[in-house]
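Peer 1: Sequence:
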Amino acid sequence: MKKKIRKTRKDIKYYFLFQGLKGLMFFTRIFPRKLVLWVCGKLGGLAYYLVKDARKKTIANLTLALSKEKSEAEILEIAKKVFVNLGKNGADVLRTQHITDLEHWKEYVETEGWEHFENAFNKGKGVICVTCHMGAFEMLATNMVLRGYPASIVGTELSNKRIDDFVVNMRTSRGVEFIHRGKDTIKLIKTLKRGEVVGMLIDQDTRVKSTFADFFGIPAYTPLGAALIALKTGAAVVPFAIRRLENDKHLISVKPEIEIVKSGDLDKDIDKYTQIFNENLEAFIRKDLTQWVWMHERWKTRPQDVAEREREMQNE
Numbered sequence: 079m080k081k082k083i084r085k086t087r088k089d090i091k092y093y094f095l096f097q098g099l100k101g102l103m104f105f106t107r108i109f110p111r112k113l114v115l116w117v118c119g120k121l122g123g124l125a126y127y128l129v130k131d132a133r134k135k136t137i138a139n140l141t142l143a144l145s146k147e148k149s150e151a152e153i154l155e156i157a158k159k160v161f162v163n164l165g166k167n168g169a170d171v172l173r174t175q176h177i178t179d180l181e182h183w184k185e186y187v188e189t190e191g192w193e194h195f196e197n198a199f200n201k202g203k204g205v206i207c208v209t210c211h212m213g214a215f216e217m218l219a220t221n222m223v224l225r226g227y228p229a230s231i232v233g234t235e236l237s238n239k240r241i242d243d244f245v246v247n248m249r250t251s252r253g254v255e256f257i258h259r260g261k262d263t264i265k266l267i268k269t270l271k272r273g274e275v276v277g278m279l280i281d282q283d284t285r286v287k288s289t290f291a292d293f294f295g296i297p298a299y300t301p302l303g304a305a306l307i308a309l310k311t312g313a314a315v316v317p318f319a320i321r322r323l324e325n326d327k328h329l330i331s332v333k334p335e336i337e338i339v340k341s342g343d344l345d346k347d348i349d350k351y352t353q354i355f356n357e358n359l360e361a362f363i364r365k366d367l368t369q370w371v372w373m374h375e376r377w378k379t380r381p382q383d384v385a386e387r388e389r390e391m392q393n394e
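The numbering used here puts the first residue of the sequence shown at 79, with every later residue one more than the last.
If you are wondering where the hints come from, they were derived from the structure by calculation, not from laboratory data.
From the three backbone atoms N, C-alpha and C, an ideal C-beta is built for every residue, glycine too.
Okay, derived cross-link-like pairs now, DSS-like style, lysine-lysine, Cα gap no bigger than 27 Å in a straight line:
(1) K327 <-> K365
(2) K327 <-> K158
(3) K265 <-> K350
(4) K287 <-> K378
Pair ranges (Cβ atoms, derived):
(5) K184 <-> F109: 17 to 25 Å
(6) I264 <-> N200: 19 to 27 Å
(7) S149 <-> K271: 47 to 55 Å
(8) D383 <-> I108: 46 to 54 Å
My request is simple: use the sequences and hints to build the entire structure.
Peer 2: Okay, structure coming up:
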């Protein structure tokens, strides 16, 4: 009976979430962008006070990572801005769904370091774009396809099918391919073998094969797939990230390709390059600490938890 009640509550929650997403998408399209960003920023700021669990996790993680650098007052200010930026960035992700030409897109998005991506792509071995949940990260793959590059993104299947379908349809509406994490590994490898592009977000503690790598000076259980696949396929690896600027445009930053050199010890190489990837992502985040998803429990898994996590994954 309790399970049935919990399921009913979840179904109701997801129903209203789905309707809210559709309503928000409509709102972001019909009103001027300045008004949309103001309203959604205010809603994000309101969520800071209303969503207690997310607020506590955000403050706790900021304190864990930055207490040696920032005062308590500074951490609280960053935490509030995290929620405001989530609202604004979410609004722009929804608002830009209808854009299908590059010139219109450039009214929203600037790009720096694009030559690093082009150099890697021209090698013809495929490109793994390692990135993180920073800024309007959903816009990264769209930027790629509007520039004429075949792109796929790897993502986790959401527990609610209606919401998952909504997100996948939103991501693929302009030609981006979607690869479900852990289910379509062969598709991922074939995509790289064709010389195409795969985006991989590796900044969250999720139920996938992972290894510990420092992140803000703290060991963080980090998905190892990007390093493993790069070592196995010879694909180039290029760090990407996006952040909102003061003028409300978005800046996509591209770093030079990370050279992958095999030592003959696969496990050692995976740890080495996963650490390098984390260092690059941390550098992006430090450019604006208010635009990363600090409410995610990034340092949840500790070394003593790994054996139990792996047993759970094997039984699923």
